[in-house]
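**Q** Chain by chain, the residues run as shown.
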Amino acid sequence: MTRISRRAALRALSICMTSTLAFGAGSALAQDGPVKIGYAVARTGPNATGAGITTIPNYELWVDTVNKAGGLTMPDGSQRMIEVVEYDNRSANEDLVRSIERLATQDKVDLILPPWGTGGNLAIAPLMARFGYPQLAVTAVTDKAPDFAARWDRSFWMLGGGHDYAGGLVDVLTKARDAGTINNKVAVVSVADGFGIDLITGARPAFAEAGFELVYDKTYPLGTSDFAAIMSEAQGSGADSFVAFSYPPGSFGMTKTAQSMNYNPAVFYISVGGAFPIYPGVADGKAEGVMAIGGVDAESPAIQEYFTRHTAFVGSPPDSWASAITYASLEMLAQAIERVGLDHAALAEELSGGTFETVVGEVKLEDNQLRDLWWIGQWQGDAFRAIGPADKTGAATPIIPKPEW
Amino acid sequence: MSRIILPLIGLALLAIVPLIVTDYGLGLLIGAATYVTLASAWALFSGQTHYISLATVAFYGTGAYTVAVLNETLGYGAVLLCAALIGGTIALVVGLATLRLRGVYFVIFSFGLAELVRQLITWYEVNVTGTLGRYIFLDITTRQIYWQMLGLAAITIALTAWIHRSRLGMALRVIGDDETVAAHSGINLARVKLLAFVLSAVILTLAGAITSPRYVYVEPSIVFNPTISFLTVIMALLGGANRLWGPTLGAVPLFLIFEWLSSNFPDSYPILLGLLFIGVVFLVPNGLIASTERLLGKAKGARG
Amino acid sequence: MLSTTLILGLVLGGTYALLALGLTLQYGIARIMNLAYGEFTLIAAFLVVASFQHLGVPPLVALPFVTIAGYGFGWLLYQVMMRPLVARSGSSGRLEVDSILATFGLLFLIQGVLLVGFGANFTSISYLDRGIDVLGVSVALNRLIAFAICVLAGGALVVALQKTRWGLIMRAVALTPGSAPLVGIDVNRVARQGFAIGSALAATAGASISMYQTFSATGGVVFTMKALVIVIMGGVGNVPGALAAGLALGLLETFVATAIDPGLTLAATFAIFLLVLLWRPQGLFGART
Numbered sequence: 001m002t003r004i005s006r007r008a009a010l011r012a013l014s015i016c017m018t019s020t021l022a023f024g025a026g027s028a029l030a031q032d033g034p035v036k037i038g039y040a041v042a043r044t045g046p047n048a049t050g051a052g053i054t055t056i057p058n059y060e061l062w063v064d065t066v067n068k069a070g071g072l073t074m075p076d077g078s079q080r081m082i083e084v085v086e087y088d089n090r091s092a093n094e095d096l097v098r099s100i101e102r103l104a105t106q107d108k109v110d111l112i113l114p115p116w117g118t119g120g121n122l123a124i125a126p127l128m129a130r131f132g133y134p135q136l137a138v139t140a141v142t143d144k145a146p147d148f149a150a151r152w153d154r155s156f157w158m159l160g161g162g163h164d165y166a167g168g169l170v171d172v173l174t175k176a177r178d179a180g181t182i183n184n185k186v187a188v189v190s191v192a193d194g195f196g197i198d199l200i201t202g203a204r205p206a207f208a209e210a211g212f213e214l215v216y217d218k219t220y221p222l223g224t225s226d227f228a229a230i231m232s233e234a235q236g237s238g239a240d241s242f243v244a245f246s247y248p249p250g251s252f253g254m255t256k257t258a259q260s261m262n263y264n265p266a267v268f269y270i271s272v273g274g275a276f277p278i279y280p281g282v283a284d285g286k287a288e289g290v291m292a293i294g295g296v297d298a299e300s301p302a303i304q305e306y307f308t309r310h311t312a313f314v315g316s317p318p319d320s321w322a323s324a325i326t327y328a329s330l331e332m333l334a335q336a337i338e339r340v341g342l343d344h345a346a347l348a349e350e351l352s353g354g355t356f357e358t359v360v361g362e363v364k365l366e367d368n369q370l371r372d373l374w375w376i377g378q379w380q381g382d383a384f385r386a387i388g389p390a391d392k393t394g395a396a397t398p399i400i401p402k403p404e405w
Numbered sequence: 001m002s003r004i005i006l007p008l009i010g011l012a013l014l015a016i017v018p019l020i021v022t023d024y025g026l027g028l029l030i031g032a033a034t035y036v037t038l039a040s041a042w043a044l045f046s047g048q049t050h051y052i053s054l055a056t057v058a059f060y061g062t063g064a065y066t067v068a069v070l071n072e073t074l075g076y077g078a079v080l081l082c083a084a085l086i087g088g089t090i091a092l093v094v095g096l097a098t099l100r101l102r103g104v105y106f107v108i109f110s111f112g113l114a115e116l117v118r119q120l121i122t123w124y125e126v127n128v129t130g131t132l133g134r135y136i137f138l139d140i141t142t143r144q145i146y147w148q149m150l151g152l153a154a155i156t157i158a159l160t161a162w163i164h165r166s167r168l169g170m171a172l173r174v175i176g177d178d179e180t181v182a183a184h185s186g187i188n189l190a191r192v193k194l195l196a197f198v199l200s201a202v203i204l205t206l207a208g209a210i211t212s213p214r215y216v217y218v219e220p221s222i223v224f225n226p227t228i229s230f231l232t233v234i235m236a237l238l239g240g241a242n243r244l245w246g247p248t249l250g251a252v253p254l255f256l257i258f259e260w261l262s263s264n265f266p267d268s269y270p271i272l273l274g275l276l277f278i279g280v281v282f283l284v285p286n287g288l289i290a291s292t293e294r295l296l297g298k299a300k301g302a303r304g
Numbered sequence: 001m002l003s004t005t006l007i008l009g010l011v012l013g014g015t016y017a018l019l020a021l022g023l024t025l026q027y028g029i030a031r032i033m034n035l036a037y038g039e040f041t042l043i044a045a046f047l048v049v050a051s052f053q054h055l056g057v058p059p060l061v062a063l064p065f066v067t068i069a070g071y072g073f074g075w076l077l078y079q080v081m082m083r084p085l086v087a088r089s090g091s092s093g094r095l096e097v098d099s100i101l102a103t104f105g106l107l108f109l110i111q112g113v114l115l116v117g118f119g120a121n122f123t124s125i126s127y128l129d130r131g132i133d134v135l136g137v138s139v140a141l142n143r144l145i146a147f148a149i150c151v152l153a154g155g156a157l158v159v160a161l162q163k164t165r166w167g168l169i170m171r172a173v174a175l176t177p178g179s180a181p182l183v184g185i186d187v188n189r190v191a192r193q194g195f196a197i198g199s200a201l202a203a204t205a206g207a208s209i210s211m212y213q214t215f216s217a218t219g220g221v222v223f224t225m226k227a228l229v230i231v232i233m234g235g236v237g238n239v240p241g242a243l244a245a246g247l248a249l250g251l252l253e254t255f256v257a258t259a260i261d262p263g264l265t266l267a268a269t270f271a272i273f274l275l276v277l278l279w280r281p282q283g284l285f286g287a288r289t
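Protein chains in written order, with the UniProt record's numbering: chain A, 1 to 405; chain B, 1 to 304; chain C, 1 to 289.
Keep in mind that the hints are not guaranteed to be accurate.
[Claimed, not checked] Straight-line C-alpha distance at most 20 Å; calculated EDC-like pairs for lysine to aspartate or glutamate: (1) A:144 - B:23; (2) A:364 - A:213; (3) A:108 - B:72; (4) A:218 - C:261; (5) A:36 - A:107; (6) A:175 - A:164; (7) A:144 - B:72; (8) A:286 - C:129; (9) A:392 - A:349; (10) A:144 - A:372; (11) A:364 - A:338; (12) A:36 - A:338; (13) A:185 - A:213; (14) A:392 - A:366; (15) A:144 - A:164; (16) A:36 - B:23; (17) A:36 - A:110; (18) A:36 - A:86.
It should be emphasised that the hints constitute simulated quantities derived from the structure, not laboratory data.
From just these sequences and the hints, can you work out the full model?
**A** Set out below in C-alpha cells:
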C-alpha cells in the first residue's frame, strides 16, 4: 500500500509544484501546453514483474525529474511540461498493439515509450514505423537487432543480443582458464524461452571456439521452481564453471540451491536477476564473486547519482543492467528534443546520429544500436560491477575463483 | 425473414465501418470480433453440452503458431488451411480420448491440454529446431485482418444458428440435459460430441491464425496465454452460452469494459476485474439474455 | 545417483503434497473448485515475508499465526461468498461452474490487492537454507522443514479423518452431500469447515513456500495448477491419495530432470496427469465410484 500511495503522492506533488513553477515562469509554457508522452506497460500478468523493476520506475523517475526542472526544453529554449498517458497492456500482445493504436490515433500523443520485453517491442515495431514514432527499444535482447534497425529505420535497439552476452562471458572464462585458474569444463543450463535460447545458441559455438567443453548442457522450462536435481547434476559434472541463462526465479532458486548443497564452482554465473538490488539478500549476504549479465561502472559519479535518485524516488535502487540503459534512453530523448524539437523524422535522425550525455556516459548509436554495453558483471563488495568487455573504461578485474558461499 | 435480413444488414454495416474509424477504432473492432468469434465457437460445443472447456487457447495458440512456422514457406491461404487441419486433427485425437470425461474432470483436462501443447512445442523448438521465438512478416493490413475476423465471426454464428435447428443441435441439447437419456434415445454420443468439438476447435484455431500477423513476434509463452481461455468462458457465460446471440452479447460489452478499466485504472485494473467477475456470477447467473427476458417477463406479467 | 534422485524427489514431492492438501479438502468436502487457491498461498507467503523483513519475526514463528488467520479467512469467505452459491445451486450441477467463475474473479481480486500492497517485484528471503546431510545427499534445511510440515499435517489429517467422529462426518459429506442431512449432519457447517481447513492448509503451504522459493504477486496460478494436478491424480477429497500423488510427482519430476531432460519436467507432469484422467478419472488412489 505504502509504495504506490507514496508514489502517487509524489506524482501529485510534482504536478502541483511544477504548475506553480509554470505560473512563475510566465508565458512560454502557457502557450504550448504539455508534451503528451504515452506508454502501454504491463501492470498485470507475467510481464508485470519485469516492467515493474526495469521499465515503469524509470519512466516515472524521468518524468518527475524533467517536470521538476520545468519540463522538456524545446529548441527555442522554451520549456514544456510532460503529460503522461498510461495504459496497462495486461502482458498480452493483442492489448499492447491496440493500446499503441490508441495512443497514436486517439490520444495523438507526441511520443510513445516502448513496453518491457523483446516480444512486446517487436509487436509494436511495425505500428510505430507506420505512425512514424521513434522507438527506443531498450528491454529487447535480440541478435536480429541489425535486421530490425534496417527494417524499421526509426527503431533503436539498445541492449545487444544473445551472442554479445555469451561472447562477453566466454572472454572472461577464457582468460581465467589461460591463467590456469579454472579447467576447461563448463556446466550450462538455460531457460526454454526466446531469451535463454538466444543466449545458449550464441554460447555453444563461442565456448567451442575457445576450446571449452560443455559437460552438462540442458534447458529447463519456464516456471520450473525446483533446481535441486539440475544443480546436483551440474555439481557432479566436474566443471569448474557453472553458467545459467536464467530468469529471476531461476537465478534466485539456483543460488539458494547451490548454497544449501554447498556447491562452490570457481565461476558461478546467472543471468536476469543477478544484477537486481535484492540479489545480495537472496544470497544471504554471500553474493561476493557471483557473476551475472549486465553491469554498471559503479565508480562513475553519474551512476552513483542516478542510483541515489532512483532509491529516493522509487524506494529501492535500480537493477544494474537494463535500468540505467532505460534511463539513459530517456535522457537521449530529452536531449534530442532540445536539439531538434518534436518532429518525428528529425528526432529519429538526431537519435540515430547524435551524441548524448547520459548516466551511462557518452552515448552514440551505431546503425541505430547501442553497442557500447557491459556484457558481464560481478558482485564485488556491495556493488555489482561490470567486468567485461575488459578493455572498456571502468571495467573491474574479475575475482576468480569465487569465494566459497 | 427478419431473422436473416437484420443480421445481414448488420454485417454489411460492420464491414464498412473500418473505412471511417481511426486505427484505434479498428483495433477495438478486431478485438471485439475476435472475442465474439472465440466465445461463439466455444459455445458451439460447450454451450449446449455444458462441457466447460478451458482449452480455447490450446487451439488459438496452435493457429497463431502454425502461421509463425509456415508463413515464410507457404502462401497465406495454404497457411490458414494447414492451421485449420492441424487444429481439427488435434481436436479429433483429443476428443476421441477425452469426451467421456465429465464435469470438473473435463475442465481440468482441457486446461492441462493447453499447458501440455505449450510445453511440447517449446521442447521441440528448443531441442529440434534450436530457435524459440518466430517472426511473422506478412503483408496483411489491419483492415484485412478485421474483415477476415468479421467473416469468421459471421460464419460461426450462422453455423451455430444452423446447428441449433438441425438434428445435431437437438442431440447436443439432449446430451447437455442428460447423457444417459441421450444414449437411450439412440443418439451416437461419441460422434455428436466429437463433431461439435472439432468444428469448434477449427474455428478457434482459425481465429488464432487470423490475428497472429498483429503479433509479429510469436513465442509459446505469448500465444498460449491462459487468460484467453478464461475470458472466453466468462464472455460466453455472461451473455448466455446456450443462446445464439448470447456469446456476442457477453463478449462485446465485457471486451469494452476491460478496455475502459485498463486505460482508466491501470493500477487497480485486476481488482475491478475481479469484482466484475464475482458480480456477474452473483447478479446474472443465467446470462444476460435470460435475465433480461425474466425482467421483461415480469414486467409484462408472466409471459412463457 | 539413484539415492540422490530418490531423496531430492521425495523432498520436492513433500512440498507439492503440502500444497495440494488444502485444495483436495476444499474441493472434496466443500465442493468448491477454488481457482484462487494459489493466491491464498501467496497471501500467506507475502505476510510471512513482510513480518520477517519488517518485524523480524522468524517464518517458523509466523507460520502458526498465518495458519490460524487462513482458517478465519476461509471461514469468512465461505460464509460471504460461497454459501450463497451453494444455496442457489441446490442439488443441480451448477455449483461447479459457479465456483469456478466466482473464484476466478477472486483470483484477480487478490492478485490486484497483492500488486498494490507488495508491488510486482520478485520476493525471496534467505532463511534456514543451509544444507543438511541426508544419507549423503545435501538438502536445504527449509525444504526438509516443509517436508516435515507436510508429513505432520498430512498424517494428522489422515488420522483425524479415519479415526474420529468428526472425520466420519467429513467423509460422509464428501461422499454423499445429498443424503448427509438425512442422518442429521449440518452439511453447510461441515462444508464451511472443510473450506476453512483447506484455506488454513493453503496458508501453511504458502508460509513454507516463502522460506525457500522465489515468488511474485502474479505467480499464484502456477501453484493452483500444480495443486490441481495432484488433487486429480490422488482422487478428489482423498487426503492419503493427495499425499501419495504429491510424492509421486516430485519423484517423477526429479527422475525426468536427471535421467531424461530437465526441459521435459513440466511436459511429463501434464502428460502423466492427462493419462491418469483418462485411465482413472477417479484418481490413482480414488475409491469413489
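**Q** Please go over all the hints and tell whether each is borne out by the structure.
**A** Each hint, compared with the structure:
1. Of the supplied pair hints, the one linking residue 144 of chain A and residue 23 of chain B is violated, its CA atoms being roughly 28 Å apart against a limit of 20 Å.
2. For the given pair, residue 364 of chain A sits about 37 Å from residue 213 of chain A by alpha-carbon distance, which is inconsistent with the 20 Å threshold.
3. Simply put, residue 108 of chain A and residue 72 of chain B have alpha-carbon atoms about 34 Å apart, too far for the 20 Å limit, and the pair is violated.
4. Taken as a hint, the residue 218 of chain A and residue 261 of chain C pair is honoured in the structure, with Cα atoms around 7 Å apart against an allowance of 20 Å.
5. Using a Cα cut-off of 20 Å, the hinted pair residue 36 of chain A and residue 107 of chain A holds, with the two alpha carbons roughly 9 Å apart.
6. A C-alpha spacing of about 17 Å is found between residue 175 of chain A and residue 164 of chain A, which places the hinted pair at or below 20 Å, so the restraint holds.
7. Between residue 144 of chain A and residue 72 of chain B, the direct Cα distance comes to roughly 17 Å. Compliance with the 20 Å bound is thereby established for this hinted pair.
8. Distance check on the hinted pair: residue 286 of chain A and residue 129 of chain C sit about 12 Å apart at the alpha-carbon level, within 20 Å; holds.
9. The hinted pair formed by residue 392 of chain A and residue 349 of chain A fails the criterion: a straight-line CA distance of about 27 Å is larger than 20 Å.
10. Taking the CA atoms of residue 144 of chain A and residue 372 of chain A, the gap is about 17 Å. The hint holds against a cut of 20 Å.
11. At roughly 16 Å between alpha-carbon atoms, residue 364 of chain A and residue 338 of chain A fall within 20 Å of each other, so this suggested pair holds.
12. About 16 Å separates the Cα atoms of residue 36 of chain A and residue 338 of chain A, which keeps this hinted pair within 20 Å; it holds.
13. At roughly 5 Å between alpha-carbon atoms, residue 185 of chain A and residue 213 of chain A fall within 20 Å of each other, so this suggested pair holds.
14. Restraint check for residue 392 of chain A and residue 366 of chain A: satisfied, since their Cα atoms lie roughly 17 Å apart, inside the 20 Å limit.
15. Among the hinted pairs, residue 144 of chain A with residue 164 of chain A is consistent with the structure: their alpha-carbon atoms are about 12 Å apart, no more than 20 Å.
16. For a cut-off of 20 Å, the pair hint linking residue 36 of chain A to residue 23 of chain B stands: about 19 Å separates their Cα positions.
17. Restraint check for residue 36 of chain A and residue 110 of chain A: the C-alpha separation of about 5 Å stays at or below 20 Å, so the hint holds.
18. The hinted pair formed by residue 36 of chain A and residue 86 of chain A meets the criterion: a straight-line CA distance of about 10 Å does not exceed 20 Å.
In summary, the numbered hints that this structure violates are 1, 2, 3 and 9.
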